[in-house]
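Trainee: Sequence:
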Amino acid sequence: MNTLIYNARMALRDIMEVNIFSQGNDKVFLTVFPDLVWEGTEDTQTEKVIRNVIGRLHDMDLDVAGGEAAVRTLLDAGSVEIVRKAA
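Residue numbering for the sequence shown follows my numbering, starting at 23 and increasing by one per position.
Simulated from the structure, these hints should not be mistaken for lab results.
Ideal Cβ placement from N, Cα and C applies to all residues, glycine included.
Please note that the accuracy of each hint is not assured.
[What the hints assert, rightly or not] Straight-line alpha carbon distances no greater than 30 Å define the calculated DSBU-like cross-link-like pairs of lysine-lysine that follow:
| # | residue 1 | residue 2 |
| --- | --- | --- |
| 1 | K70 | K49 |
| 2 | K49 | K107 |
| 3 | K107 | K70 |
[Stated by the list, open to error] Label-pair restraints from in silico Cβ distances:
| # | residue 1 | residue 2 | range |
| --- | --- | --- | --- |
| 4 | A87 | M32 | 17 to 23 Å |
| 5 | Q67 | N47 | 20 to 26 Å |
| 6 | A108 | R73 | 16 to 22 Å |
| 7 | G100 | Q67 | 15 to 21 Å |
| 8 | Q67 | N24 | 29 to 35 Å |
Can you build the whole structure from these sequences, using the hints too?
Mentor: Right, dumping it as structure tokens:
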């Protein structure tokens, strides 16, 4: 199994609002389901969840491609690539 997808799944194992997937090309992607945010689906609450998800990825030396633009993409139910943090 790809260690990148394994590490991402371990970092986010208890967050049900995410989907981590690969299309078989050694790239790993993340999608957040804003409708599953329990406290409501307001942008501010969903954005907090997304930032928490990104923070957990940072804890495992991972990041999302696109930086701050990735937050907007995830808010719009798009997918972003998970990458290893730059050294």
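Trainee: Give a verdict on every hint.
Mentor: Do the hints match the structure? See the list:
| no. | hint | result |
| --- | --- | --- |
| 1 | K70 - K49 | 25 Å, holds |
| 2 | K49 - K107 | 14 Å, holds |
| 3 | K107 - K70 | 21 Å, holds |
| 4 | A87 - M32: 17 to 23 Å | 20 Å, holds |
| 5 | Q67 - N47: 20 to 26 Å | 33 Å, violated |
| 6 | A108 - R73: 16 to 22 Å | 19 Å, holds |
| 7 | G100 - Q67: 15 to 21 Å | 18 Å, holds |
| 8 | Q67 - N24: 29 to 35 Å | 32 Å, holds |
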